[in-house]
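Participant: Go ahead and model the full structure; you've got the sequences and the hints to work with.
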Amino acid sequence: MGDSDTVGHASIATAERLLRRVGLFSDLDSEELTAIARILRVRKVPRGQLILTQDEPGSVAFVIADGTVDVLLESDDGRQFIVAQLGPGDHFGEMALLDAEPRSASVQATSDAELFVIRRDEFLAELLHYPQIMLRMLVALSRRLRRADAQVASLAFGDTADRLARLLVANARPGPRGLTVEVAQEDLAAMVGATRQTVGRIFGAWRRQGYIATGRRRTVILNAVALGAVGRN
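Our numbering numbers the first residue of the sequence shown as 36 and each following residue consecutively.
Just so you know, these hints were derived from the structure itself, not from any lab. There's no promise every hint is true.
Straight-line alpha carbon distances no greater than 20 Å define the calculated EDC-like cross-link-like pairs of lysine to aspartate or glutamate that follow [as the list claims (entries may be wrong)]:
(1) Lys79 - Asp62
(2) Lys79 - Glu136
(3) Lys79 - Glu51
(4) Lys79 - Glu161
(5) Lys79 - Glu109
(6) Lys79 - Asp147
The structure presented is a predicted model; accordingly, all values stated were derived computationally and were not measured.
Facilitator: And the structure:
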């Protein structure tokens, strides 16, 4: 899965065009972009395939050329929760270019996808010739860290109903009664940083409005449009 089955090198021109759209590399000049583009490999991934597995060792990063993926966190009891949905121009696994730490999340293709793959050994070799790439990457990573801090602040201080609605919509899957989230309310509360009682009050309001129906460890979304609007506020 994670670091195997890369085949073929990407077209330099195609790779450069895509890299210009990727925040991690968008500040590179033409010579630096070419240096990265020439080491990219192409991997085609079918829908449903697990690309990375949480906690496995990593030595490659990915840029999405086409298709979509979900970034998943796995709980100790094996349940998975979507924390990000990525598409063309997005990247993941980039910390593997700089360290040998285990993967922090799993990534699964949600459509047939074409990925550009960057191997750490090849990337580090290019840094010997173009050390300025590292400086530019550090600036880009700093920007991402600031955005992550802002997201953490939103999680800590934002509206609980907004966070809960986004969580339900992101994790809903087709079920006998409609889109369904198979997660207990106490677990949902922990995931949005709220108390079980607060989630219960929000769910009570949403049931009265016809947005959801609830059961044991199950939430059925009856009005996805209305619930999605809550999550966009």
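Participant: Below or equal to 20 Å on CA atoms is what counts here, so check Lys79 against Glu161.
Facilitator: Roughly 25 Å between the alpha carbons, so the hint for Lys79 and Glu161 is violated.
Participant: Run the distance test for Lys79 versus Glu51: straight-line Cα separation, threshold 20 Å.
Facilitator: Measuring from Cα to Cα gives roughly 19 Å; hence the hint holds.
Participant: For Lys79 and Glu109, compute the direct alpha-carbon distance and say whether it is at most 20 Å.
Facilitator: violated (24 Å)
Participant: Checking one constraint from the list: CA of Lys79 to CA of Asp62, max 20 Å. Satisfied?
Facilitator: violated (27 Å)
Participant: Verify the proposed pairing of Lys79 with Asp147, using a straight-line Cα cut of 20 Å.
Facilitator: holds (8 Å)
Participant: What's the verdict on Lys79 and Glu136, does the C-alpha distance respect the 20 Å limit or exceed it?
Facilitator: violated (25 Å)
Comparing the model with each earlier hint shows violations of hints 1, 2, 4 and 5; every other hint is respected.
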